[in-house]
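There are 4 protein chains.
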Amino acid sequence: MYDIAILGASGYTGAELIRLIAVHPEMRIAALGANSKAGQSMSDVFPHLRHLDLPELVTIDEIDFSAIDLCFCALPHATSQEVIAALPKTLKIVDLSADFRLRDSEAYAKWYGGAHAALDCQAEAVYGLTEFYRDEIRRARLVAGTGCNAATGQYALRPLIAGGLIDLDDIIIDLKTGVSGAGRSLKENLLHAELSEGTHAYGVGGTHRHLAEFDQEFSAIAGRPVKVQFTPHLLPANRGILATVYVKGEPGAIHGALRDAYASEPFLQVLPFGQVPSTRHIRGSNYCHIGVTGDRIEGRSIVIAALDNLTKGSSGQALQNANLMLNLEETMALTAPPVFP
Amino acid sequence: MYDIAILGASGYTGAELIRLIAVHPEMRIAALGANSKAGQSMSDVFPHLRHLDLPELVTIDEIDFSAIDLCFCALPHATSQEVIAALPKTLKIVDLSADFRLRDSEAYAKWYGGAHAALDCQAEAVYGLTEFYRDEIRRARLVAGTGCNAATGQYALRPLIAGGLIDLDDIIIDLKTGVSGAGRSLKENLLHAELSEGTHAYGVGGTHRHLAEFDQEFSAIAGRPVKVQFTPHLLPANRGILATVYVKGEPGAIHGALRDAYASEPFLQVLPFGQVPSTRHIRGSNYCHIGVTGDRIEGRSIVIAALDNLTKGSSGQALQNANLMLNLEETMALTAPPVFP
Amino acid sequence: MYDIAILGASGYTGAELIRLIAVHPEMRIAALGANSKAGQSMSDVFPHLRHLDLPELVTIDEIDFSAIDLCFCALPHATSQEVIAALPKTLKIVDLSADFRLRDSEAYAKWYGGAHAALDCQAEAVYGLTEFYRDEIRRARLVAGTGCNAATGQYALRPLIAGGLIDLDDIIIDLKTGVSGAGRSLKENLLHAELSEGTHAYGVGGTHRHLAEFDQEFSAIAGRPVKVQFTPHLLPANRGILATVYVKGEPGAIHGALRDAYASEPFLQVLPFGQVPSTRHIRGSNYCHIGVTGDRIEGRSIVIAALDNLTKGSSGQALQNANLMLNLEETMALTAPPVFP
Amino acid sequence: MYDIAILGASGYTGAELIRLIAVHPEMRIAALGANSKAGQSMSDVFPHLRHLDLPELVTIDEIDFSAIDLCFCALPHATSQEVIAALPKTLKIVDLSADFRLRDSEAYAKWYGGAHAALDCQAEAVYGLTEFYRDEIRRARLVAGTGCNAATGQYALRPLIAGGLIDLDDIIIDLKTGVSGAGRSLKENLLHAELSEGTHAYGVGGTHRHLAEFDQEFSAIAGRPVKVQFTPHLLPANRGILATVYVKGEPGAIHGALRDAYASEPFLQVLPFGQVPSTRHIRGSNYCHIGVTGDRIEGRSIVIAALDNLTKGSSGQALQNANLMLNLEETMALTAPPVFP
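Chains as they are written, first to last, in our numbering: chain A, 1 to 341; chain B, 1001 to 1341; chain C, 2001 to 2341; chain D, 3001 to 3341.
It is worth saying that the hints were derived from the structure and are not from the lab.
Ideal placement from N, C-alpha and C gives every residue a C-beta, glycine not left out.
Incorrect hints may appear among the rest.
As the list claims (entries may be wrong) - Simulated crosslink set (BS3-like; lysine-lysine; CA at most 27 Å straight-line):
1) B/K1110 <-> B/K1227
2) B/K1248 <-> C/K2227
3) D/K3187 <-> B/K1187
4) B/K1227 <-> C/K2227
5) D/K3248 <-> B/K1037
6) D/K3248 <-> D/K3227
7) A/K187 <-> C/K2037
Claimed, not checked - Covered by chain A, per the in silico footprint, the following chain D stretches (three or more residues, Cβ under 8 Å):
8) 3066-3079
9) 3170-3176
10) 3217-3231
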């Protein structure tokens, strides 16, 4: 039984980690850090977890990390790097923030607006897109969870870029995301009255920070710079990301490449050709559904990927990586089906 | 490993059973019956289950029940009694329909508008409100799942009636229910455009059939006829029931009685006095949250109970009962926390 | 053409006033006050109003009230009394806050937690439930808009109390309200991720401030103290209130009394006996639908009233009152049908 | 005062017409046709219209068209052409179906799967995109309402194609639409439990019939065949379309062209450069908001258009056209602001 700490337990990704670990046969939640809500119980902060026997929320300083086997950091960006820099250098860590996703410190500075405060950790971190970094993750001490949008887009595109199947200069990711990805922060545009019953785009024109991950990963695969277009939209739904990806390439070959690449992946489900996924059908689960359709214009294809931003897009991915790092069965506590309706 | 059949697998309660059993360590789904969709795969009917290795949907006639250890019937009312009457008399059955909830055949005829077609089975059936019929359920061959609204109201009220703590002639249950309780049927008022963004009452004035269960159970506990008022409202949400129950009785005594009655119940959580439950905090789970508050008018109390109609209100309850009938741990595959947000 | 000022134009009731007045043939918006957003345009604050030619938001001090014929105050509670105390004593004012609803200063102090800062204005104010204070409103200088929940409950109950048709000691108002009634404030429980997909009660047990209005009005009608039970619930919808009112009284007489009382009211629609209203069917409009049903228990009735909290419950009511105060047709700019679906 | 008939009054676009015409100073609803619900009152079919004094629903045969000045046909596709072929040839008609949108009978046969049954009417019909066919509409007897998606995409693109500002071979319209566009039909995927809380694409790959309108109109403007890519997605919202359009062209020139083209249009609002529209901000109104942003990749732009499918996308457009056909002020009864929140 491994003893687990979760830092940032009062946010949605922290709560999602607890939800998943609650039925994990080999993990025990030993410490919950949440500086701003220290002293409260989880049932005060998240009443849906009230039946669980959980430790009280404490400040991070109060945690004895020598008794911890693995630590999840679900802290805000920038905070995370400071906290992790101060943790024992032998502690296994899965970070869910954006702080360690970029390998290039200049790219980090450009996209996140300042120098990184823990460059040594950044150098050590492994990018946490499980299916593509599995071996590195197994050996890693520090794994950087991917952006939820970045994961969705990469599941749709990596095998196509790797296979040379699409025009690298004409990739458009039109993405729709549920609101929980924005966290539990008090912003006017996240109010029910503002967000429900409609949709809008944000970060239009290439300003969303998850583009940094697309640039890093796609360019590395292609061996040349690849820049995609990416427009996220906010959905009136709590969970779920749907990425509609427009590419120039043969639909049959594209479908085949995805099907082959993910044939033995437990969580990546490629639908029969022409079928489309729905975020409703992966809700609350670690599964990702991917569909491919050919356009009426020859040589063009639409790839659509759906996953739950809180599960496969962050906390589920984090647990999948933690399982690998602890040499456990990769799918442990992650195979529960989606909740529908 | 027990072999399980589910009849009526193409409805929401059928799908919910599969979702729960998918992670059950001692059950294996051996047959899925759905007459109208026989020949289809579950991934056609419920794409959220596509990753599971499930048998194809078949007609009920095609199922070899001699190989089945326990059968869930998630069929429509009236159909259920006909099907069950024809099943082997030794087969363990958990029925999720209304057909075997009422012990009195006249009450059945009155509320359901006709004579019962399987009176011998009706006589044999045990009412499936687990916490109050646990011993009978363990020994039962046929268990009748309760109405989802009926379960919610009973969790709020049974200990109060049993304890003589409230005025039996002045009980009002104002209930709010999500739409999945109405099933996957094509009715105009269940369309998104009709149902979202508002609420309305239905079955007003004492016409909802779940009243028959309240009458039967509460009268039996009290040893005299008890008639409650019950008004359900349809919520623009998919899952969840909130029953706001108005009673005349001392709030402290009422809270104490509920807390004591459910002290060792794994799924019934009585909140600290004055706290209120939310359907969002039990969503997708088998937990029921119950809160008690005193009114400003002395001697009056409000008891509020929340559960998920598809889980604790039907399929979760059914699985809890099946665990008992198969002599398994009662909570097996039912302890996953709610999905929030 | 009357020149209108709106103070508190950056909140939902302010925006709703603008929406309604935009098509008013006899009113022109001359000034918009919003201290915290002064200097901004309405299209920044409420983009749905961008096509209108509106004055810029200014501080209240910047408004020349000598050029204003009528002023709407849509300010927060407590702020409103301070602002109104400082306005010209001849200015016609419709206040939408809670500050002038209670005629008794002790009741005010008890429910709102402190002494009133403008007792002379309080003494002068007329309670703005149009249909019952029409003559006083016509002559008033200062009209106090009612609570939105308070309006809904009163439409269901006033004729029944006046007619001596119900037991005054056993009245229960179980109310469901959309979230816009809580305003545009940044509170965690108003976030989409927290509020959508479920419901919960709040202010349980007789603590909601709208009870002060029920107490004041119902006691005045009855000529004796009347205390109702009142439990509001938060709905996952933006607009709409549904009040389910449980009374002891003959359903036929109750229906008749409501039908007679409102026979010539343009906005109060009593449905045929046994029909139930829905908040979806009054959305965005100034109409209120009321239904009456008899319970299976003799001598008990359920009265259900539905209105839009932002329209008939606040800004629509305010405009209706302003029309009266300016000697205009009462229904002017208020007869647009609800928006459905 | 003009006497108006509405055929197909029991659907959403029929109800929306009534909602708008209810406050029209120069129109009176004289007849409501709805074959399947003939004999019912509108308040039975659409309770939100119960306060209106409307004629009873009748069969189309029962209507005396000699007393009608203008007839709206809100009938299903295919039905509409049969009905209109049988109406008096002098009757002014605004058709909301797809039957008369395509000028080329072969294109009609291809996209709609069969020969047209009223080719003479088809030849006579004017395409109802008001801002671009205003003069023809004024003189027309029969106006064909556009597809709601087709209108949205055209508002974003027509001035760009006309101005030669974009690459005609690389246009992608990723569109998100509310569910009311699918009408009041009983389909499983339109149920609240199926549609809420998520999104999916449909008609992927160039199969949606509104493409026929894009092809017809864009090719006519360009003077050469133009084929766009178009992927609609179903939103968990009742009203609203958001079209995110990806083009290759200079953002500044594109914004300028749209701003100039719509400078004097009352309903088409081009936002300041870089701002994005939201469907929430046009809800229930006849306004269309259009925003332009440049991508980080030089020479690429994103144009986003939002309108309400039931209003500007169908019934509001139809009324705008009817106003023109009757020589009334074009904006009459159409200037009410959107309903937000």
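Comparing the hints with the structure gives:
no. : hint                : result
1   : B/K1110 <-> B/K1227 : holds (15 Å)
2   : B/K1248 <-> C/K2227 : holds (15 Å)
3   : D/K3187 <-> B/K1187 : holds (9 Å)
4   : B/K1227 <-> C/K2227 : holds (25 Å)
5   : D/K3248 <-> B/K1037 : violated (47 Å)
6   : D/K3248 <-> D/K3227 : holds (14 Å)
7   : A/K187 <-> C/K2037  : holds (16 Å)
8   : 3066-3079           : violated (count 0)
9   : 3170-3176           : holds (count 4)
10  : 3217-3231           : holds (count 3)
The earlier numbered hints that this structure contradicts are 5 and 8.
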